[in-house]
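The residues making up each chain are set out below.
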Amino acid sequence: MTLLDRAPTSPFDAPVEGGTPRVGSERPSSDLAAPTGVRRLLAAAPADAGDHLATFGPLPDISPDRLLAELEFAGLTGRGGAGFPVHRKLRSARDATRAGRSGRPVVVGNGSEGEPLSAKDRLLLRSAPDLVIDGLLLAARAVDAGEVRLVADAELHPALQAVLTRRADAGRARIQLVAARGDFVGGEASAVVANLEGRRPVPRDHPVRLTIAGYRRRRTLVQNVETLAHLALVARFGGAWFRSRGTADDTGTRLVTVSAPGTPLTVLEIAGGTPLGAVLAAAGLDDAGVRAAGLGPGARAVLVGGYHGSWVPGSALDAPLDRAGLAPWGATPGAGILHVLPHGRCGLRTAAGIAGMLAAETAGQCGPCVNGLPRIAGLLDRLARRERHPGLPAEIARVSALVDGRGACHHPDGTVRLVASTLREFASDVDAHLDGTCEAER
Amino acid sequence: MSARLGLGIPTAPATQARPAGAGASAATLHVDWTACAARGLCAELLSNLLELDEWGYPRALGYGSDIPVGAAELADARVAVALCPRQALSLR
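Chains as they are written, first to last, in UniProt numbering: chain A, 1 to 442; chain B, 1 to 92.
For the record, the hints were derived by calculation from the structure and aren't laboratory data.
Beta carbons are placed, not taken as given, at the ideal position from N, Cα and C, and that holds for glycine.
Any given hint might turn out to be false.
Unchecked claim - Short derived list, chain B residues pointing at chain A, Cβ under 8 angstroms:
id, residue
1, H30
2, C36
3, S47
4, W55
Stated by the list, open to error - Have a look at the derived ranges for each label pair, beta carbon to beta carbon:
id, chain 1, residue 1, chain 2, residue 2, range
5, B, A71, A, P85, 26 to 36 angstroms
6, A, P116, B, H30, 53 to 63 angstroms
7, A, V208, B, P85, 36 to 46 angstroms
8, B, H30, A, E197, 33 to 43 angstroms
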């Protein structure tokens, strides 16, 4: 895996908005110098306890109020995909009270990574487990948690258990390891809660937020492991430091996973808002890299956000990887996944393969998803195979409308998003396919 | 999984203007899709609000799991919630 420790183009030093900040103007809790480059989460040598302490210092003693204020100023958002502001989720878990329901909240570090194109959470748990555990402990302290769990692939458990055993603070908090489920939807927060409860790890209907009623109806804070690692750095070095990289729209740094068909997954730490092309270049998958790998003459499009993501055309790779920059294509930074479609590869065929996998990954609970996704995948497959039926795109749109927003989780919505983006960004190829030809493949 | 992006499907907020006489949205009818088994009783009881999709699941055009209910439909909605054989409906 490649690590990027400098901004690939211009430095992304975000100006502090509106004059003097109320918080974040001074580092709150660390005597050590903050990491200065873009390599933050990955600044210490991989999984080295001494190096972790030498690089970041001990767990800071920061009050919950101060931590929440610093997180708000930092603009840290969840790195599991949804991008929810972290300070709001923490505040909700801390403040929510339910009449007649006692019990302290549960904090869950979510390292489930069911998305096939993502490897950053596993990499982080391997290379910076102490930082993730720092974040778990700080979040647990901030919400006065009674229980703390860390969900990770079973194969990572021996190494993680060794870290937990070494650390007295982790021992006092009695952090328990839980085996992640490999299913695509198994990492969704309510599915993780079901897993903790010993039930089938599938999403559940939760009209009330998990921070109000989650694990065994208790207040439950589920945060992605990368989010927790960032939280641990914000607690040490402050919100202003966090914002000193990235754009105002995507503050700080984030881990991304970059790949192309047949290549290994490359994990990088980048500044928020780095142009897509610069991220690809850093991963060795710009046009030159794609050519060198024998994949084709360059990038035709990039799938941003993984199997639930959206396509950005190869002509628009100057777009910054932040919400505003990706909005024209209906994409978001999500969990930081970029997958290159080389020239010479059919986007419709690629998307049909993904849609078929997503249809197979339905948890089988919600009627519109169970019935609709296989239908959509089948229709897209017929289009990809150049069946000359002019009604196919309209039928895909019609069935998509029957599925969108009608599930307990966002699996149907994400699938519809991918398929809609495919028909939009490869519109001329849709016409070619309906004419029995293909723009990309013979 | 991130923000919901429709396919040009109107995603009207629950506070949208409703026809005069119907009053503003008085409550939200929530469908638990993990419980719903397409029995279809709700669409019969709330024919002004719900239709059945081609698989038999209740649907209000333009809405997903949370469907705004006007004051005029509130009584029927309460009956639908009470009679759903799968207890898949709730009013909030």
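**Asked** Going through the earlier hints one by one, which of them does the structure break, listed in rising order?
**Response** 3, 6, 7 and 8
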